[in-house]
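Asks: Letter by letter, the chains look like this.
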Amino acid sequence: MAFSSDAVVHHPASLCFRPSLPRNRWNALLTVVVAVFSSIAVLPLVLVLGYVLFKGGSLISAELLTELPPPPGLDGGGIGNAILGTTIVTLVASLIAIPVGVGGGVYLAEYSRSGWFAQFVRFGTNVLSGVPSIICGVFIYGLIVSTRFFFGQSYSAMAGGVALSVLMLPTVIKTTDEALKLVPRELRLGAMGLGASQFVTITRITLPTAFTPIATGVVLGIARAAGETAPLIFTALFSPFWPEGLFNPIATMSVLIFNFAIMPYEAQNALAWAASFVLVLMILLANLFARWVARFTRV
Amino acid sequence: MTSTLTATQTCLSLEDVSIRYWNTEAVRGVHLAVPRHKVTAFIGPSGCGKSTVLRSLNRMNDLIEGCTLSGRVVFDGQDLYAKTVDPVEVRRRIGMVFQKPNPFPKTIYDNIAFGARINGYTGDMDELVERSLRKAALWDETKDKLSESGYALSGGQQQRLCIARTIAIDPEVILMDEPCSALDPISTLKIEEMIHELKNSYTIVIVTHNMQQAVRVSDMTGFFNVNTFSDRDAKVGCLEEFADTQTIFNSPQQKATQDYVSGRFG
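Heads up: the sequence lines are chains A and B, in that order.
Using our numbering, the first residue of the first sequence is number 147, and each one after it goes up by one.
Using our numbering, the first residue of the second sequence is number 5, and each one after it goes up by one.
Excised from the complex, chain A in its bound form (with noise of 0.2 Å):
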């Protein structure tokens, strides 16, 4: 202490920490509490994952993603079906909303930047994605199912398809219009001052550099449609077969839960307990691809 006597100090001049203050007392505090709030916030989703893996986990086998759910009263039997159709209805919707999804954010950041065009587009799409799944379905059952629009069929794994891409249009207009307009501008000003054209600018330049958003944003659009019920209860409707074509009505796995789950017969709960496993699974994975794909860079 001697270089400090000299040193004129009202108060104890330590530099020590002091876990009795008010102000460490209340961090203490308050940091168990944000922490104890967002343990919760992930309890659900360890629970459900955890529940559904418990209860369908265990029924995994060959057969379930492979055969026919049974009849009524019959044990056995699988998914096989479903696990077709989701894949179908979902690719359907893909055909449908990426090259819609993707042209329309092209448009919105490329071309019409901020007229009154766009702004009313991107308020719409916001709208839209704010709109209730099963307010989709009713509305493609108004416009296609009860219309009979496909050759004279109702409910049809093509108008599942188009019920899901309204829900996955939003996210891919979106991502594609946020990633696009990541891209620096001087990029777009280097090819146009090389003389490319704005076409080639874009297909050259601007859409391969936003490659990864745009594919991610997909990616999760995906994710989200394939596990959608209440649009397809409507519209694809469900079926005990394997699928027989595009315009007839199709089996797919949220709708088999739905249906299933509130069965009186203990086969056709199992099998709706694996097939949670099943698109929970798909789904992960689905997000996990998603990561994948954001992270490889390009040259």
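No lab work stands behind these hints: they were computed from the structure.
These numbers come from a predicted model, not from an experiment.
Warning: the hint list may mix true and false statements.
PhoX-like cross-link-like pairs, simulated, lysine-lysine; straight-line CA separation at most 25 Å [as the list claims (entries may be wrong)]:
(1) B/K239 <-> B/K259
(2) B/K149 <-> B/K194
(3) B/K104 <-> A/K327
(4) B/K203 <-> B/K139
(5) A/K327 <-> B/K110
(6) B/K87 <-> B/K110
Chain B regions said to be covered by chain A (calculated; three or more residues, Cβ under 8 Å) [stated by the list, open to error]:
(7) 109-120
(8) 160-173
Built from N, CA and C at the ideal position, the CB exists for glycine as well.
Since chain A is already given, all that's left is putting chain B on it; use the hints.
Replies: Showing chain B alone in chain A's frame:
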């Protein structure tokens, strides 16, 4: 050289050019003639419109919303702002290098080949890439890594890559908007040496904030200034004086030019 230039030596000429962004006038009443196969420098304080005038020479201003031009910009006897002119065609003959190096997220090779491909080049691409990189004094540093990303290069090398890719489209004019402002003195020197080489084949117009650079590289210099006109509250850029570089820096006619080049400005 003297400043008596005949019309045949003029590459680009601006006739009473005024440029406005929406309702704000940026530059007013510019008259100047850029001589062929010479380096013309634009100097002046920030906000005087020299970059705006530069961008008007290959219609890059079209990409800025609300930017309009009055007057005439004549290139090879054609008014660049005539209704029938395609800006894409203009930019193929008048290339541009920007302030910040902006290589494409592609390989070094593809950075050069991109412009040539879209311009329909059908010759030997390897040969073109090598020739362009040699002209930009970048070949020795990059010949072993042509398949690496353009981003793997240093800032100075990236800027030379951008110049090389402009050379590859074989333009008649190269516009450079402060090409060295983001670079260190050694890279700057290399680019200046390159500009000396390039003027044998191309007409170069360069905007610079660095007056020494203007003295080192240019044959002609235009000094832009901001003036207040009686009919406007806002300051408007204008071309104060345009003459050969020796005259501008040693015996300028205008007092403002004298003040600016001798550092007694503002």
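Asks: Could you run down the list of hints and mark each one as holding or not?
Replies: Here is how each hint holds up against the structure:
no., hint, result
1, B/K239 <-> B/K259, "holds (19 Å)"
2, B/K149 <-> B/K194, "holds (20 Å)"
3, B/K104 <-> A/K327, "holds (19 Å)"
4, B/K203 <-> B/K139, "holds (11 Å)"
5, A/K327 <-> B/K110, "holds (19 Å)"
6, B/K87 <-> B/K110, "violated (35 Å)"
7, 109-120, "holds (count 5)"
8, 160-173, "holds (count 4)"
Violation of the numbered hints given earlier is confined to hint 6; every other hint is satisfied by the structure.
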